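Novice: Sequence:
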Amino acid sequence: MRLLLICVLGGLLTAAPASAAPPIRHDVDVDGHALAVWQKRPPQPRAAILLVHGRTWSSLPNFDLEVVGERRSFMDALATIGLDVYAVDLRGYGATARDATGWLTPERAVRDVLGVLDWLHGPARSAGRPVYVLGLSRGAMVAALAAQRNPEKFAGLLLLGFGLDPDQRIATVETPAAPPRKRNTTDAAKADFITTDAASSATIRAFVDAALRADPIYADWRDEQQFNAFVPARIFVPCLLVTGERDPQAPASLQARLFARFGTPDKAWVILPGADHAAHLEKSQGELVRTIAWFVRRHDSSPPSMP
Numbered sequence: 001m002r003l004l005l006i007c008v009l010g011g012l013l014t015a016a017p018a019s020a021a022p023p024i025r026h027d028v029d030v031d032g033h034a035l036a037v038w039q040k041r042p043p044q045p046r047a048a049i050l051l052v053h054g055r056t057w058s059s060l061p062n063f064d065l066e067v068v069g070e071r072r073s074f075m076d077a078l079a080t081i082g083l084d085v086y087a088v089d090l091r092g093y094g095a096t097a098r099d100a101t102g103w104l105t106p107e108r109a110v111r112d113v114l115g116v117l118d119w120l121h122g123p124a125r126s127a128g129r130p131v132y133v134l135g136l137s138r139g140a141m142v143a144a145l146a147a148q149r150n151p152e153k154f155a156g157l158l159l160l161g162f163g164l165d166p167d168q169r170i171a172t173v174e175t176p177a178a179p180p181r182k183r184n185t186t187d188a189a190k191a192d193f194i195t196t197d198a199a200s201s202a203t204i205r206a207f208v209d210a211a212l213r214a215d216p217i218y219a220d221w222r223d224e225q226q227f228n229a230f231v232p233a234r235i236f237v238p239c240l241l242v243t244g245e246r247d248p249q250a251p252a253s254l255q256a257r258l259f260a261r262f263g264t265p266d267k268a269w270v271i272l273p274g275a276d277h278a279a280h281l282e283k284s285q286g287e288l289v290r291t292i293a294w295f296v297r298r299h300d301s302s303p304p305s306m307p
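Read in order, the letters of the sequence shown correspond to residues 1 to 307 in this note's numbering.
Simulated from the structure, these hints should not be mistaken for lab results. Be aware that a few hints might be false.
What the hints assert, rightly or not - The list that follows gives simulated cross-link-like pairs (lysine to any residue, SDA-like), each with its CA atoms no further than 20 Å apart:
no.	residue 1	residue 2
1	Lys190	Ile204
2	Lys190	Pro216
3	Lys190	Thr203
4	Lys283	Thr195
5	Lys182	Asp209
All values reported here derive from a predicted model rather than from experimental measurement.
Work the whole structure out from these sequences, hints included.
Specialist: Below, the structure written as structure tokens:
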């Protein structure tokens, strides 16, 4: 068990050249529905990682953001530490259409993540390499439920900005027959950039433009009480809990309770100083990537694969 409050790690995995190329798109069939999965791959990956986005915005604005004069692509940064990086657009987000119901539920999202993991574990993709999953915000909630259900699919679970309080039950609420399909807004796209100077103005502008272009309509969820199935004591895979110091959605008091209750003894908690809910896009990104490199390296026993 390790508790890490400040991470200053570097040079832990052999770096590969950062990729400036656009991501490769795969359409992965899960229960008859095509999910867009984006990939960036270094020449000799040691492991694969699947990124699961949050509540409002899809994968490309979050994980492959292009900013003039800056390197802000989280996927590119992860590729430089030897990871074969994948990012899924859940139903109703980005390049993945809604299904016939028009809604997304926690249970459906969990099954979709597990379906993508089955695809990643196939011989054409992972070549026997370990597969990690990083969930952001609500994506962390989905990833945690998936790991609780099928731990054998996970080399490790990385939770960023995890805000689900297991001591607070989510109430069942009545939803309309048809999803509202409200438009997303500029203010919503700016909302996670809380701390002054944590991110550049260019990063914020680029994110707003990319987010509204990728997700003009707010995705509709129902049956959110299904998240009540999460039990920290049932997490038995290696787990890395990461939070921004100033993230109001993931306060330290909640993180401490989660960390203490995780069932696995192989766990670490990292606080990123000065960061908030958008730590993966802020100036803290380098520190976050070094933390992930350390976590993967601790569990890495396989040689690099050949391209």
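Novice: Taking each numbered hint in turn, which are not upheld by the structure, reported in ascending numerical order?
Specialist: No numbers; nothing is violated.
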